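K.L.:
Going line by line, the protein sequences match chains E and B.
Residue numbering for the first sequence follows our numbering, starting at 1 and increasing by one per position.
Residue numbering for the second sequence follows our numbering, starting at 324 and increasing by one per position.
No lab work stands behind these hints, which were simulated from the structure alone.
Check the hints yourself; a few may be wrong.
Unchecked claim - Partial selection, computed: residues in chain E whose CB lies under 8 Å from chain B:
| hint | residue |
| --- | --- |
| 1 | GLY22 |
| 2 | SER25 |
| 3 | LYS59 |
| 4 | MET137 |
| 5 | ASP278 |
| 6 | GLU281 |
| 7 | PHE285 |
Claimed, not checked - Straight-line Cα separation of at most 25 Å, DSS-like style, residue types lysine-lysine; simulated pairs:
| hint | chain 1 | residue 1 | chain 2 | residue 2 |
| --- | --- | --- | --- | --- |
| 8 | E | LYS282 | E | LYS121 |
| 9 | B | LYS411 | E | LYS256 |
| 10 | B | LYS466 | B | LYS521 |
| 11 | B | LYS521 | B | LYS485 |
| 12 | E | LYS34 | B | LYS360 |
| 13 | B | LYS485 | B | LYS522 |
| 14 | E | LYS34 | B | LYS522 |
| 15 | B | LYS466 | B | LYS485 |
| 16 | E | LYS253 | B | LYS521 |
| 17 | E | LYS73 | E | LYS34 |
| 18 | E | LYS121 | E | LYS34 |
| 19 | E | LYS322 | B | LYS466 |
| 20 | B | LYS411 | B | LYS466 |
| 21 | B | LYS485 | E | LYS282 |
| 22 | E | LYS34 | B | LYS521 |
| 23 | B | LYS466 | B | LYS522 |
| 24 | E | LYS73 | B | LYS360 |
| 25 | E | LYS59 | B | LYS485 |
| 26 | E | LYS34 | E | LYS322 |
| 27 | E | LYS59 | B | LYS360 |
To be verified - Chain E residues, not near chain B, derived (Cβ > 10 Å throughout):
| hint | residue |
| --- | --- |
| 28 | LYS34 |
| 29 | HIS39 |
| 30 | ALA98 |
| 31 | VAL101 |
| 32 | VAL178 |
| 33 | GLY239 |
| 34 | ASN272 |
| 35 | THR273 |
| 36 | ARG305 |
| 37 | PRO323 |
All values derive from a computational prediction rather than experimental measurement.
C-beta atoms are modelled at their ideal positions from N, C-alpha and C, and glycine is treated no differently.
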Amino acid sequence: MAQAIEENDPMMEMLTDALRAGPGSPQWHDAVAKVRADHPDADEFQLLLTARQHLESGKQYRAVRAGAGFSRKLFGQIEADLVRGSNLPVATVVAVLAGIVLVGLVIGIGFWLLPAGGPAKGQIEDLDRLLFVSPVMSVNIETPDAADPRWQHAGPLRLIWRDGLRPAPTGGATKDFVGGAIVSSVGLGGDQPVSFEVSIRQNRPSADLIAQVFVTDRPDFSQDLAVSSHELVWMIHDGNARVVLPGGRVDGKALKIEPGRQPITVRIAVNNTFATIDAGEKRLFAGPHGLSHEARYFGVRFLRRGNERNDAVSIQSIRVMKP
Amino acid sequence: MTQRHAEKPAEPTDLQAVPLGRASDEDLMRRTQQGDKQAYSLLFERYSASVLSYLYRMLGNVEDVESIGQEVFLRAFRFAATYRYPQKLSTWLFTITRNLAINNARRRKRSPVRNLTELNIDGAEHSGDPYAVAAESTDSLEKREEIARVLRALDDLPHDQKEVIMLGVFQDLSYAQMEEITGTKAVTLRSRMFHGLKKLGRIVGASELPVTEKQRRS
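This is chain E alone, in the form it adopts within the complex (with noise of 0.2 Å):
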């Protein structure tokens, strides 16, 4: 671009919503008046106009739809799930209601008898089935408003909106780590299922500073880092991504996390008893989270040592999802 536009210039907001808008509306027109009134000589404004016409002539792209076979199939399947849920003869469902305790009864003795491992395995595909479509709850990172009454501040570590959420530049070296925490001031009941997802982008690894990512059942910050007596983290640390289970012990394996400008989703899924953690869609944690059924909070943190400079990592959204 001839002319560099800033991400909050006001003329990229106009660009933008007359480039999502598209050729032929009231934005695109005043958009091209105004570029063509500003930017007299900017080709490569020209360039990008032309890309999105161009888009709408191919809107057409890869464009399918549902054959008979597709309909038929689907309709199918839901015409079934009518029936399974309606018209139940009272034999029938008596038969089921028997089957359930029966079944139930089963369970539960072998809930007692076989290791862990086999119903865990059921519930953790069950959380995986959960679809959180509802958010709860986010920070605006990009506008944070530093009165919003959701999410508060914690530990000496002062942390800045800018390009995302990072620490404040040093105002000295530090020998030992300094934490710094945004946590949700509102818990969300331990019986209820949520995903709570954050973007994390890291320009460079760093030995001296770490951001975390965290539920925790315990919202009792300490004074030095931040960090609550019993909570489930990701963390990334010198380019390692690490699982914390509540009680300090490291889970599995460290992660190798590529630097670059594309963040990557942190995904921590929890219910009742056990969570699974998914980071740039690779699964480094499934099982028992070890939080107990109370309220449980939602935080991002980073721990800072040294000179460190704050560009090595910086979180880009931060949002709580239920199904």
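Following the hints, put chain B in place on chain E, whose structure we already have.
P.N.:
Using the frame of chain E, we list chain B on its own:
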């Protein structure tokens, strides 16, 4: 995706006696919540092409489109109760679609085995080729080549830039809707849209034409 609301949706009210075909997507979903299968089949008619096309554009193989497409519409019916009126139905449905596509990508990494089954998707063989799509849009040979080049280049964009273009341009979703679907703030989505299109713009301005003679003749 018809029946778009230019204005903010109304507050929940009792369902009005509107003919099904003229009911909004959101009202059809409320009827679905009450067990109206006919309302759901209308929603399926309105959304199946856009959901399946989105999946095909993002995933690139028809086998996955078929299985995930089935799963999307089956789950939307089974979990209709989780839809909250008057949320825009397209936002809710594309959140399900995107999540299932991401889950599928994760599973594929763990077990990259494809189940080849009889395909029940139409249109892929006719419209998958960028040059054929471009040929239907314009008579100008030069423009056809540019359009085909841009469409081809879409696949080489970083995933997040491609996604915002697919949702914002091809699916006509607003930044507010995309924000809700992806969990990414609008300002970031704007930046991704801008930089994605900028890359495509550079390709428009490039001199080489990666279109084969065979495609040109067709």
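K.L.:
It remains to establish, for every hint, whether it holds in the given structure.
P.N.:
Outcome of the hint check:
At about 7 Å, the closest approach between the beta carbon of E:GLY22 and any beta carbon in chain B falls short of 8 Å, and the interface hint on this residue holds. Look at E:SER25: its Cβ only gets to about 11 Å from chain B, farther than 8 Å, so that hint breaks. Annotation: interface hint on E:LYS59 holds; nearest CB of chain B at approximately 6 Å, less than 8 Å. Hint status for E:MET137 relative to chain B: violated, with the closest Cβ pair at about 11 Å, above 8 Å.
Satisfaction of the interface hint for E:ASP278 is found here, the shortest Cβ-Cβ separation to chain B being roughly 7 Å, below the 8 Å cut-off. Hint status for E:GLU281 relative to chain B: holds, with the closest Cβ pair at about 5 Å, below 8 Å. A cut of 8 Å between beta carbons decides the hint on E:PHE285: the least distance to chain B is about 14 Å, and the hint is violated. For the given pair, E:LYS282 sits about 18 Å from E:LYS121 by alpha-carbon distance, which is consistent with the 25 Å threshold.
For the proposed pair B:LYS411 and E:LYS256, the alpha carbon gap of about 40 Å is over 25 Å, so the pair is violated. Our distance criterion of 25 Å between C-alpha atoms is met by B:LYS466 and B:LYS521, whose separation comes to about 18 Å. At most 25 Å may separate the alpha-carbon atoms for a hinted pair to count; B:LYS521 and B:LYS485 meet this at roughly 12 Å. Between E:LYS34 and B:LYS360, the direct Cα distance comes to roughly 49 Å. Violation of the 25 Å bound is thereby established for this hinted pair.
With a CA separation close to 11 Å, the supplied pair B:LYS485 and B:LYS522 stays within the 25 Å bound. The suggested pairing of E:LYS34 with B:LYS522 holds, with an alpha-carbon distance near 21 Å, which does not exceed 25 Å. Taking the CA atoms of B:LYS466 and B:LYS485, the gap is about 22 Å. The hint holds against a cut of 25 Å. A threshold of 25 Å between alpha carbons decides the hint, and for E:LYS253 with B:LYS521 the separation of about 40 Å lies outside it, so the pair is violated.
Taking the CA atoms of E:LYS73 and E:LYS34, the gap is about 51 Å. The hint is violated against a cut of 25 Å. Simply put, E:LYS121 and E:LYS34 have alpha-carbon atoms about 59 Å apart, too far for the 25 Å limit, and the pair is violated. Annotation: proposed proximity of E:LYS322 to B:LYS466 is violated, straight-line Cα distance about 46 Å (limit 25 Å). Distance hint between B:LYS411 and B:LYS466 is unfulfilled; the C-alpha atoms sit about 36 Å from each other, more than 25 Å.
Simply put, B:LYS485 and E:LYS282 have alpha-carbon atoms about 21 Å apart, close enough for the 25 Å limit, and the pair holds. Restraint check for E:LYS34 and B:LYS521: the C-alpha separation of about 18 Å stays at or below 25 Å, so the hint holds. Pair hint B:LYS466 plus B:LYS522 holds up; C-alpha atoms about 18 Å apart against a cutoff of 25 Å. For the hint linking E:LYS73 to B:LYS360, the alpha-carbon distance of about 15 Å falls within 25 Å, and the restraint holds.
A C-alpha spacing of about 14 Å is found between E:LYS59 and B:LYS485, which places the hinted pair at or below 25 Å, so the restraint holds. About 43 Å separates the Cα atoms of E:LYS34 and E:LYS322, which puts this hinted pair outside 25 Å; it is violated. Between E:LYS59 and B:LYS360 the alpha-carbon distance is near 31 Å, which puts this suggested pair outside the 25 Å criterion. At roughly 15 Å from the closest C-beta of chain B, the C-beta of E:LYS34 stays outside 10 Å, upholding its exclusion from the interface.
Taking the minimum C-beta to C-beta distance to chain B, about 14 Å, the non-interface status of E:HIS39 holds against the 10 Å cut. At roughly 25 Å from the closest C-beta of chain B, the C-beta of E:ALA98 stays outside 10 Å, upholding its exclusion from the interface. Distance check on E:VAL101: its Cβ is at least 25 Å (rounded) from any Cβ of chain B, clearing the 10 Å threshold; non-interface status holds. Once the 10 Å rule is applied to beta carbons, E:VAL178 is consistent with being away from chain B; the minimum gap is 28 Å.
Listed as a non-interface residue, E:GLY239 keeps its Cβ farther than 10 Å from every Cβ of chain B; the least gap is roughly 20 Å. The claim that E:ASN272 lies off the interface holds: its Cβ sits roughly 19 Å from the closest Cβ of chain B, which is beyond the 10 Å cut-off. For E:THR273, the condition that its CB be more than 10 Å from all CB atoms of chain B holds, with the nearest at approximately 21 Å. Interface exclusion of E:ARG305 from chain B stands, the closest Cβ pair being 30 Å apart, more than 10 Å.
Not every C-beta of chain B lies more than 10 Å from that of E:PRO323, the closest at about 6 Å, which undercuts listing it as non-interface.
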